[in-house]
Amino acid sequence: MEEKIINRENLNKLCRDIIDGGNILIAPGKTEYTVIKDTSEIILDAGSKPTKASYKNYAFPKAEPVIYYKKDKNDIELIDIDIKGKKTVILGAKPCDSNSFDILSKVFNWDYKDDFFNMRVKNFIVIGMMCEFADKYCFCTSVGLSPVSEKGSDIFLIPLDENNFAVRIITDKGKEFMESYGKYLTEGNPEKAKAKTEAGKSSAKMPEKVFNSEEVRKWLGKNFEHPFWDGIGDVCLSCAQCAFVCPVCHCFDIVDEDYSYEEGRRMKNWDGCQFGHFTLHASGHNPRDIQGKRYRQRINHKFKYYVDKFGEILCTGCGRCSRGCPVSIDIKEIVSDTVKN
Amino acid sequence: MKIGVFICHCGENIGRTVDCPRVSKAAEWFPGVVHSVDYKYMCSDPGQNMIKDAIREKGLDAIVVGSCSPHMHEKTFRKAALDAGINPFLCEMANLREHVSWVHDDIEEATQKAIDLTRMAVEKVKRNQPLATIKVPVTKRTLVIGGGIAGIQAALDVANAGYEVVLVEKEPSIGGHMSQLSETFPTLDCSQCILTPRMVEVYQHPKIKLMTYSEVEKVEGFIGNFHVTIRQKARHIDASKCTGCGLCITKCPIRKKAFNSFEEGMAYRPAVYVPFPQAVPNIPVIDETVCTYYKNGKCGVCVKVCGREAIMFDQQDKLVTEEIGAIIMATGYKLYDISKKPDDSFIKGYGEYGYGKYKDVIDGLQFERIASASGPTSGEFKRPSDGKEPKKVVFIQCVGSRDDSKGFSYCSKICCMYTAKHAMLYKHKVHDGEAYVFYMDIRSGGKMYEEFVRRAIEEDGVKYVRGRVSKVYEQNGKYIVKGEDTIAGMPVEIEADMVVLATAMIAQENASTLAQTVGIPYDKYGFFNEAHPKLRPIESTTGGIFLAGACQSPKDIPESVAMASAAAAKTMVLFGSDMLEREPVVARVNELLCGGCFYCRKVCPYSAIEVREIKDRNGVVIKEVAYVNDGLCQGCGTCTATCPSKSVELMGFTNEQIFAQIAAL
Amino acid sequence: MTEEKWEPKVVAFVCNWCTYTGADLAGTSRLKYPANMKMIRVMCSGGIDPVFIIKAFERGADGVLISGCHPGDCHYNAGNFHARRRWTMFHQLLEYLGIDKNRLQFSWVSASEGKKFVDVVSKVVNDVRELGPFKGYKELNSEFTAVVNGLKQEVNKAEAVNG
Amino acid sequence: MENNLKAGYFPGCSQTGTAREYDLSLRSVAEKLGTELTDVDDWNCCGATSAHVTNHTLANALAMRNIVQAEKQGLTEMVAPCAACYNRLIVSQHETQIHPELKKEIEAILDSKIENPVQVMNIVELFTKIGADKVKQAVVKDLKELNAACYYGCLLLRPSDITHFDDAEQPTSMEELIKLTGAKPVEWNFKVECCGAAHSIARKDIVVDLSKKILDDAVAHGANVMVVACPMCHTNLDMRQKAIKKEYPEHKEIPVLYLTELIGLALGMDEKELGINLHTVKFELKKETA
Amino acid sequence: MDELRNHVKEMLANGTVAAVIGYKEAGSPMRTKPVIITAPEEAILLVFNEYCLNNLAVYLTKARVKNLARVNGTIKKLGIVAKPCDVHAVIALIQESQLKREDVYIISFNCNGVVKDYGETLTGETIASKCLHCDARQPLYHDKVFGELKDLPASPDEELAKIKSFDDMTSQERFEYFKNEFDKCIKCYACRAACPMCYCTQCITDKTIPRWVESSAHGRGNFSWNLIRAFHLSARCVGCGECERACPMDIPLSLINRKMLEVAKNDFAYLSGRNLETPTLVGSFDVKDKEEFIL
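Residue numbers (my numbering), protein chains in the order written: chain A, 1 to 341; chain B, 1001 to 1665; chain C, 2001 to 2163; chain D, 3001 to 3290; chain E, 4001 to 4295.
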C-alpha cells in the first residue's frame, strides 16, 4: 500500500487536469454529487453531511434507453445502443457510497451481464474519503462498514489537516490512474495517516452499532409471517424516495416509448418496491397489496435475500432513506426492532 | 386488425387539389392497412358496393373513408359497413374535402395533409370498439306545462291524435293571458269568444288529464321515460263534489282583502274565488292567506252554504307522479312590472314614468281589462283613480324593450300591434278623446298587421309621435308627459288623463327555476333555448322536451298556436315508434379505478352520473363510484376531461383513440 | 430537418358541433387557410383534456388551437363553461412555466363562422411561425441523454436515428 | 366615542369659493359626529367643466392625480361633497379600471402607479357610512317645522352604472337621512330634473326658467325648504332666485339649504356657525323655546 | 400537550373516535412523525408543536386507515390532529366526496406557525413560507380546538416575490428555469404520496393504456409529469406545501402551486378547502367567468 500526500492546491490542479483531459469528474457539490465543470464547485469536506442522493445515477441512470426501434409496415428494426463508457472520476466518495458499485455489480452480473452498468463502472475511478460525520441516521458500522472503510475505493483520501490529504492507493486501477498525476504528490508519512484513521475510529463521530446484521438475517428467515409487519407500514406513504436516494437499490422497470409515429425506444427506469403497483399483476391481483408487505420486502431484500444470494448486505448504512423520509420513518430503528420481537 | 382505406375523389372536388391515388398508395403502408383504393364517388352506389365487396372479400375488420365531412356521409358509410357485416362504429372518416381540398390550393401541401388525416383516421379506427345502438322504450304520454293558448292547443292536438296528455296549470283555471284580453289584433274579434270553447274542449276531452292549481316539482328520467312529480296545491274544495254553483263565492264575507289578479289588481276578490266567471274548471279555490277560518278558525260561511259539503279546510297539497314520454313547455310570459325594482340589478326600473305611484299610469294588460266588457268597468273607459272618462290618453311603447340601459335588449314584438289596438279601441268608445302614441319604430310584420296600424292612424286619428318619453309627473290632477318628438326635433309636453305603458314581455316568473327542474337551457333573460334557432326552433336541447309559445321568446297568439301545433307534431314523431334508438356515444366508468370524487357528477349537464356503491363480500360498502345512466348521457365527454384519474371514457372518442390520432400527426 | 424547410405544425382540438362544422363551412365557402393545421374532433370542448395539449407538444406540435361553441351556445348546455374555467387555469400555468401564450390559443367559433375559423387558424399559424419551432419541448427529448449520462455519443446516436 | 370614522376630504374649488358655507357646515357637522376628515394634500382641480369636454385624458389625469394623492396619504375612503367632483373622481376611477391603455397613459403622466384603492363617497354616502344611528343619537333639535324637498340634481346619481348609488329616477336616500332630523320630506316631481347646471353664468335665461320650474313644484307640493347636495345646484336654485323674482315678480321665494346645514341645525348648531347667513334667500329656524 | 393527550384519551375511551391520527416525537424533540393510535393509553405519545410538519389529512383517504373506523359494521369517527391549514385539506376532501364531515373528528390548534425543516428553532428565518401568508391561523372547522394565538415571527414573503419576479422574465427564461428544476426529478412520486389531494385509486401517470405521462425520469417525462401534477392540483391544492417538503431533489413545487393558488384567487376569488358551502372551483362555473384570452 502506497501512501502520499496531496495538498488542496494540487488536488485542484489534478481535478483541472482530469476535466481538461476530456474526462468526467464527479464530486460533492453544494447539495449533490455533481458533474464538475469548474473546480470551485467542489466541496471536499470529510465532516459534511451525506448528499441527499447517492451517485449511483452515474452508473445506473434514473432513466436510460436500452434499445431504439423503428417500426415499418411489417417489421420492427432494432438499433442497439453502443455504450462507450467514458473515463469518470468520482472524487470524495463517502465510505458508505464507495462500496455501492461493488454491491451492485453482484446483481448486475449474476446471470445476465448488464453492459450498461459494466461499461460505465469499468471506466470509473473512485476516490473515496474518510468520513468525519455522523448523525442519528448513520449506521454504517451496523452493516460492516465504517467511516474509514476503503472498500470500493481505488484511491482513498485521509484529511490530515486543513490543507493536506494522505493519499492511499488501494487498487491497481488506482495506481495506474495516479501515475500520470505523480507530480502533484509529495511523500507521505504513513504513521500520521494511520493515527488519524485510528482517531477517527474511536471518536464520537463513529456511528454506534445498533444491530447485528447476522441476527437480523436469521430473524427475518423465521418471521416472514409475523404480526410485527402488520402495522409497520401504516404511516408510510408509499413513495419511492427511500429507494431512489439509496446507493444500492437497483430495481428498474422497462417501458417502451414511441417518440414519433415510426420510432421509439425501450427505456430502463428506476422503480421502487414501495410503490403500490410495483407488484400489481395484469389480472388486477396484487400480492403485496398493503404497505406492511412492501416494507417487509424492503427489509428482507436488503438484509436477507441479498445476503443469502450474494453474501453482501444490500445497505451501506448511509441513512439517506431515513433522513429524507417525508414521514420520518427510520430504517435503522425498524431493523433493530425486528430482533427485539 | 385488417383495415381498408377508401379514398374518394368526389368527382373533381377532392381530386382537383389532392392526389388521391397517391393518398391511397401511402395508406397501403400504414400498419394494419390491408386494402387501399381510390374512386371517383365513394358515396355512390358503385362506390358503396366497392366498400362492401372489399369488406367481404378481404375480411376487413374496420374501414376508413377519406371523403367529405362526417356530418355529410358518416351515416352513409356506417350503413355500408353494417350491410357488409361489420359494426358500423368501426368506420371512421377522414375529411378530405371540407378540410383539405376546398381550403387549400397547393397540391403538394393538400396531398400531404390528406395523407396525414388518413393516417390519423386509421390509427383511430384501430382502437375503435364495436358499439351497439342504445334502445329505450317510449311511454306514449305527453305532459304539457302551462294552460294558456299554447298549452291548450298543444294538448288538444296531441290528444286528438289519440295519445294521452297531462296538462298542468299553476293557476286555478286554464286560459292564461289570452283570457284577460278584450279584443285581439288585427281582426278585433273577442278574445274570450274564441278561447272559451277550446278551454271547455280541453276539460271534456277523454284523453286529457287536466291538473289546474298544480306545479311541476321534479322531472327525472329522459326522453321517452320521464318520471314527473306534480304538486297539486290544496284548493280546499273537494273537486269531485263541487258543482260550480258559486254560492260560496257570493256569500264569502271577505270582500276587500285580496286583489283580483285576473283584473290586474284593479278589483277585489273574495277569499274563495274563481279567477274569472268562465274559468275551467269552474271550481273555486280558498285563499288561505286571507280566509278568516285560517286566522282564527271561525266564519265557515262557505261550509254552511255549500249544499254538497265540498269545502275541505284541512285539504293538503298532494304529490302525484306521472309517467311521461314527452314534455311540451308552454309556460308563457309575464309583463315587466316596472313599479318594482327587481333584485336583479341589471333591470333598472322606470321610476320616471311613475308606474305604481300614479294610479292612472297603467300597463297594457290593465288597459285590456278596462277595455274588456267583462272587466272591472264593464268595458267603459274610466280611469282607475277617479272613475272619470279620460279624454287624453298617452300610450308609451318600448317600456323595457329595446332598452339596454334600463330594460331588455330585445323587442317584445307584440306591443306595436296591441298599442295600435288599444288606441283604436279607445277611440272607438271615446269619440272625442285624443290618443297619442310615443314609439321608436313601428314593427308590424304579419298578415294584415301593417294595414291595422295604418287604420289606427288614418281612420281613427291616433296621433303617433316618434320619440321617447323622459318623464311623467302629476300636476293639478293631470299627468304631464314630457317627451321628444324626434321628427319635429322638439321637446313635447302632453297633459294626459291616463298613461298606458307597453311594458316588455319577459320570461315567466321562476322560468329559470322550472328550466332547471326540467333540465333545459335558458337564455340570459330566462326564455327557454331552442335546440337550433333555424332548424330546430321547437325542440329544446334536451331530448323529448319541446317548446311552445312565449316561453321561448315574445310571441303573439297565432305564432304561439302555430308553435304549439308544431310541438304536438314533434311529440307524435317521437311516439311513432315503440323503441327509441340512440347513438352509443356515451360515457363509461371504470369502476375499479374510480376514486369517487364525483367531479364528473358536478360537471355533467344532464345529471347522467349516478352513485353506485361497491360492496365487499360481506355486503359492506367499501367505496362509492360513479355510474353513467345511458338514457341521460348525451355524450359530451365533459366528465372525461374533468376526471382526475381518467376513470371515465367517452365511447367512440376514447382517450386512447385521441392519443393515437395525436401520435399519428 | 433544416431551418428553411421548417413549417409550423399546429394541432387543433375542436368540438363536433360548432367549430368542426364552422370548418366545414369554411370548406363549402371555399375559403383558404394554411395547411399546417390538422384537426382532431371531439364531441364537446368540455371533453378536451389538457393532457391532449401536452401530448401534442410531446409529439412535436409547434402550436395548439382549442376551439368550441360560444358561451351559451354549447350543444350540451354547459360543456364549454367548464372548459373555459379549465383553460383559464391551464393557459396561465403553461405561460408561467415558460410556454409562450401564442403556442396555445383558444377560440370560440360557431358553426356559422367559417370566416372566423379561417381568421383564427391563419392567426395561430402565423403566430407560431413567428415564434419558430417549439425547440423547448422538442429539446427536452434529445437533451436528456446528455444530462443523465454525461455521454455525448448517445445524443449523436439518437440524432442519427432521427435523421 | 370609539369606532369613529376617518375619511379623506376632497374639497374642490367650490368649497373654497361660492360654497364656502358647504365646507364650513360639513367640517363642523363632521367634527360633531366624531368624524375625522383629512384634507387631501395638494389637491387640484377635479377635471370638471372645461377639461372634460375638451380633453378626455387631461380630465381623467386631473381627477386621478387627486386619487393618487389620497392614496399616497394612505386614505382608503374619501368624501367629495361637491357632486361634480364626486362624479369626475368616480368616473375617472371607472375609466382607468376598464381601459388599461388609458390607465397606462395616465400613470405615465402622473409618474405614479394607479392602484385605485380609494373609495370615493358623495356627501350622502358619507352620512350612511357614519351611520344613521349615530346621526340620530346626535340630534338635539327636532326640525319638524321643516317640510323639505330633497333635490339630487344630475351628477350625484348618474351614470348609475358607475355610481351604484340609489335609484337614478326615484332616489330616496336623502329623504331617509333628513327624516332622522325630524324634518318631513315631501314627495314631489323634480328631484332629478335639470337645474341648468353650468349654464348658470353664460345662459342665465335658461337657468331662470329651469330653476323656477323646480322651485315651483317643490312649493306646490308643500315644501318650505329645499335641501341640496351640490354647490352648483345651490348656485342655480338659491342665488338665481333674485333673477327669477325679477323675471317673474309673483315668484314665491323658498330657502335652499345644503344637506350638511340641515343636519347641522338638527345637531344644535346655529345658522351662523353653518354659514346659512351667506345664502341669498334668508333662512332662520323659528325661535322656539327649547 | 396534556390537554391534547387527555382529550384524545377520553375520546378513544368513550368510543367517540375509533382511531386518532396524530404526531409523535421522532428520535428528537425537534422532529415528529405521524402516528395512528387506537388505544387510549397510547394517547401519551401525542405531541403538538412547531415541528408537526406533516399534513395528516393524507391518511384520511388510505384504505387501512378508513378500515380502522369500521367497527362492527358501523362507521365511527376518525380523529385527526390537524393544523388550521391542514383542516383546509380535510374540508377539500369532504367537498370531493372522500369522506363525510360527520365521519371525521377534527382536533385543531390555534396555530403559531411551523418550521421549514426539522431541528431548527422557530424564527423569522426558519418559519415555513406557507405560514407567512397564512389566512387562517384559527381552524375554520373543528370539533375541538386547543392553544392560544401568539404573534408570528415576521419575515418577508420571499416565495411571492420570487413568483412575481417571473413576470419580468421571458418565456424562454422561465422555461429554462423550470426545465432545469424538473430535470432533477427522479419520479419517486414523493410529492404525490405526500399530497392529501392526490388520492386517486390510480394516478394517471401509472396508466399505460393509453400512456398518459411518460414514466421515464427524462426531460420530457419530467416536464410533462410536473405540468400535469400542477394542473390536476390547480384550484384543488390547499397550499400545505407537503409536496415540496417531501421532494428529495428540492424541486420548488410550491412556486407552481402557489402561483396557481394566486390565479384561482385573482380570477375566481376562490380558495380551496375554506368553505363547505361554496361549490368547488372545478365542477362549477359562472356564465360571467372571464375569457379575454379566448379569441
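Accuracy of the hints is not assured; some may be wrong.
[To be verified] Here are the computed distance ranges between Cβ atoms for each label pair:
#, chain 1, residue 1, chain 2, residue 2, range
1, A, Asp289, E, Gly4073, 21 to 31 Å
2, D, Lys3179, B, Gly1356, 18 to 28 Å
3, E, Thr4121, A, Asp38, 45 to 55 Å
4, E, Thr4121, A, Glu9, 53 to 63 Å
5, A, Glu77, E, Arg4070, 48 to 58 Å
[What the hints assert, rightly or not] Here are the simulated DSS-like cross-link-like pairs (lysine-lysine), alpha carbons at most 30 Å apart as the crow flies:
#, chain 1, residue 1, chain 2, residue 2
6, A, Lys37, E, Lys4184
7, E, Lys4288, C, Lys2123
8, B, Lys1482, D, Lys3184
9, D, Lys3184, C, Lys2101
10, A, Lys30, A, Lys113
11, C, Lys2032, B, Lys1534
12, A, Lys71, C, Lys2032
13, E, Lys4288, A, Lys52
Derived by calculation from the structure, the hints in this document are not laboratory data.
Here a beta-carbon is modelled for each residue, glycine too, at the ideal position from N, C-alpha and C.
Taking the hints in turn, this is what the structure says about them:
no.: 1; hint: A/Asp289 / E/Gly4073: 21 to 31 Å; result: 23 Å, holds
no.: 2; hint: D/Lys3179 / B/Gly1356: 18 to 28 Å; result: 21 Å, holds
no.: 3; hint: E/Thr4121 / A/Asp38: 45 to 55 Å; result: 36 Å, violated
no.: 4; hint: E/Thr4121 / A/Glu9: 53 to 63 Å; result: 39 Å, violated
no.: 5; hint: A/Glu77 / E/Arg4070: 48 to 58 Å; result: 56 Å, holds
no.: 6; hint: A/Lys37 / E/Lys4184; result: 18 Å, holds
no.: 7; hint: E/Lys4288 / C/Lys2123; result: 26 Å, holds
no.: 8; hint: B/Lys1482 / D/Lys3184; result: 28 Å, holds
no.: 9; hint: D/Lys3184 / C/Lys2101; result: 62 Å, violated
no.: 10; hint: A/Lys30 / A/Lys113; result: 35 Å, violated
no.: 11; hint: C/Lys2032 / B/Lys1534; result: 27 Å, holds
no.: 12; hint: A/Lys71 / C/Lys2032; result: 35 Å, violated
no.: 13; hint: E/Lys4288 / A/Lys52; result: 48 Å, violated
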